[in-house]
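Protein chains in written order, with this note's numbering: chain A, 1 to 421; chain B, 1 to 421.
Because the hints were derived from the structure by calculation, they are not lab data.
Here the structure is a predicted model, which is why all the values come from computation and not from measurement.
Glycine included, each C-beta is placed from N, C-alpha and C at the ideal position.
Check before you lean on any hint, since a few could be wrong.
Partner residues aside, some chain A positions facing chain B, computed with beta carbon under 7 Å [as the list claims (entries may be wrong)]: (1) ASP16; (2) ALA30; (3) ASP37; (4) PHE111; (5) ASP204; (6) LEU218; (7) GLY288; (8) GLY289; (9) LEU290; (10) TYR305; (11) VAL310; (12) THR316.
Label pairs and their in silico Cβ distance ranges [what the hints assert, rightly or not]: (13) ALA97(B) <-> PRO156(A): 23 to 31 Å; (14) ARG398(B) <-> ARG240(A): 37 to 45 Å; (15) ASP244(B) <-> ALA325(A): 27 to 35 Å; (16) PRO156(A) <-> THR209(B): 30 to 38 Å.
Protein chains: 2
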Amino acid sequence: MKAEIVAVGTELLLGDIVNGNAAWLGSELAEIGIDVDITTAVGDNIGRIAAAVGRACERADVVIVTGGLGPTQDDLTREALAELAGGSLVADPVVEAAIRGRYAASGRTDFPVNNLRMAQRPSVAAALPNPAGTAPGLRMPIGAAGTIVYALPGVPIEMREIFTGWIRPELIERAGPGLTLLSRRLHTVGVWESQISQALAGLDAELATAGNPTIAYLASEGQTRVRITAKAATADDARRMIGDVEVRVRAILGDVIYGVDDDTLESVVHRLLLGTQATVATAESVTGGLLGAALSSTPGASATYRGGAVVYATETKTAALGVPASLLAERGPVDPDVATAMADGARLRFAATYGLATTGVAGPTAPDGKPVGTVYIALVGPGGTVVRDLRLAGNRDRVRRVTVLTALDLLRRTLGRLPQL
Amino acid sequence: MKAEIVAVGTELLLGDIVNGNAAWLGSELAEIGIDVDITTAVGDNIGRIAAAVGRACERADVVIVTGGLGPTQDDLTREALAELAGGSLVADPVVEAAIRGRYAASGRTDFPVNNLRMAQRPSVAAALPNPAGTAPGLRMPIGAAGTIVYALPGVPIEMREIFTGWIRPELIERAGPGLTLLSRRLHTVGVWESQISQALAGLDAELATAGNPTIAYLASEGQTRVRITAKAATADDARRMIGDVEVRVRAILGDVIYGVDDDTLESVVHRLLLGTQATVATAESVTGGLLGAALSSTPGASATYRGGAVVYATETKTAALGVPASLLAERGPVDPDVATAMADGARLRFAATYGLATTGVAGPTAPDGKPVGTVYIALVGPGGTVVRDLRLAGNRDRVRRVTVLTALDLLRRTLGRLPQL
């Protein structure tokens, strides 16, 4: 069974809001094994809504429309669907009574007549009750092939409740005892997306022949996610298929995989620190506090993160962390030994198991004579000192964020007794 | 001129990520007066990408494709565009040299040959340099009407940089003399979107009658943007129309407006500090480094931001900042006097004009007996001490981010000699 999603609203096209409804519906449909090939967003215009839904009906078995069901003059989904079905709009007396009752229950008496727009429906449509709001959902067949079109309000909570309460069970029943689609995401850090895909090229090609399960890649700054997706008759079968591929992916990629699904690098480091009853303190120059912000982002972080110093101005490295002034005078602030002295100072002054320090040049200018993108990260702990020396590409924000990821990964590898990159 | 956006990526259809690129591009295109009627999202499949882009080319003058330009086997936008243009893929030697150079500069030698996929382009396409990453953008004509198709990487920072550097100026030039559409964004902090829209309701209604200029609102965490948009025969006329409305908006909203267009609260605070030759140091508990990260985010921040202490564990407040242990024992860490002592300590130990401190409960649990969302911010400077006492709603991330905004605004108001909220 194929589905398409048509999201209605000029605010989506103008970028005033992101299309979170389409993402949510896509995820829900995937879970019950329904493929979505295309999602469309279209503005508040009867002709364009009708055209977009009409095209979707030619391609899909089910079309889910979100938005344009409210009470205002620019809510036009009802009109567009009536035009497409070749019928007229009729007032639904049951819905009208519900709307008037809901309004009366709120204690107000000045009933806005605009609200009655929400009681209108194409004559061929059935209304689906809205437990979270006023405008009902709609269900109607459209086109020669009898494609089922569902229309839902754009307010996320209302859209979700009507989908979960009415549409999801209908779709599962209609799909019959068919296929379940499940995914698992493996998160990697420290290698390029191209290295990951090249390492997995053989496995990927082998899987592509059968087409199930599949592997996909998603890169964001410094991290690549590998998604394994499987379709099977039951969820247990899908999980088993995913597990078989995961074992092979892990055998190839090894320890660049730091977590799965909802894990973040911060949450994994927090768990590793908890597991070894260790704590960390930070000494930040180039990252200006971002590393501390990451280490304190996980709930319960106070058990593992002690705090640290942001030593942005050069002389504060001496005052706050005891970095020798002579070392700074001789080498400047962007130097591996300065990074080590910073990490040492943070570990000592914040009484932590580990001290983790960053110093570097984020740009756009390079006042200290080192090129933009030069970064040193030092980790000092019971097992000794590790220093990493990076040459990062990209703008100021990217240099700072990739430095944080690399520092967290340095700590992860040390705590997990993994070799450093 | 009409544009369409086609976002490529199965992860969009599965709901693994929301289509933020389409929202950003829609907003940018609206600002330069280009209408977007339809946005489409399509999976990683050559035939479906080609079909979606082909349909868009029939309707629009410009089509912007995002995603599918990376190095992996499921990055298929290049192939789809070549198929659509009826040509083949060719290797671009300039791009190839740039990719190899970028890799070499990172100090690694095991060049993944997959990376060369990013040097391929349809023979009719030109490559647009990517200042933030590896894969270049593409520009090519498609179809009988010569619709211009731009393809951009899906990584948001790369997509934005290529659009801003290359595509935006080309589109403005191509739109040529005609009606010029200009916008100006006024940024506010510290008040609700509904307060802003209610305060401006009269002006908004008056403007809505003529329909030009217009006002729109866009709220994000703790900040609301008021966008004034005018269409006119010349840019000067549009600017004058915007200016007239801006004067009236400023008369109504006053000093909650902190900046315009590309200003950020951080950059405004940095400028105010520079202008008064003052510096600031931070003392962070609940924000864990986010405030330092904000104050160090603007290029040249080392002239105004000294650094500070992240005192996450309670006892580090005494060790690193000299907060009296007796005060902490008596009141706990979430207390207005503790915040003041932290700010005092940071100002003294980091030799700054101002000390700015945050302490509070970000949640999800409330170990210190104060409810989640309780936050104290203290600013100590030559003019004395100001403390703000907040009760913030929302989750851990939101509490931390709104605390940073409020702290920056406290400093902005003090430096600008404005009354505190």
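To see whether the hints hold, each was checked on the structure:
no.	hint	in the structure
1	ASP16	holds, 6 Å
2	ALA30	holds, 5 Å
3	ASP37	holds, 6 Å
4	PHE111	violated, 22 Å
5	ASP204	holds, 6 Å
6	LEU218	holds, 5 Å
7	GLY288	holds, 3 Å
8	GLY289	holds, 3 Å
9	LEU290	holds, 4 Å
10	TYR305	holds, 5 Å
11	VAL310	holds, 4 Å
12	THR316	holds, 4 Å
13	ALA97(B) <-> PRO156(A): 23 to 31 Å	violated, 47 Å
14	ARG398(B) <-> ARG240(A): 37 to 45 Å	holds, 39 Å
15	ASP244(B) <-> ALA325(A): 27 to 35 Å	violated, 57 Å
16	PRO156(A) <-> THR209(B): 30 to 38 Å	holds, 32 Å
Hints 4, 13, 15 from the list above are not met by this structure, while the remaining hints are.
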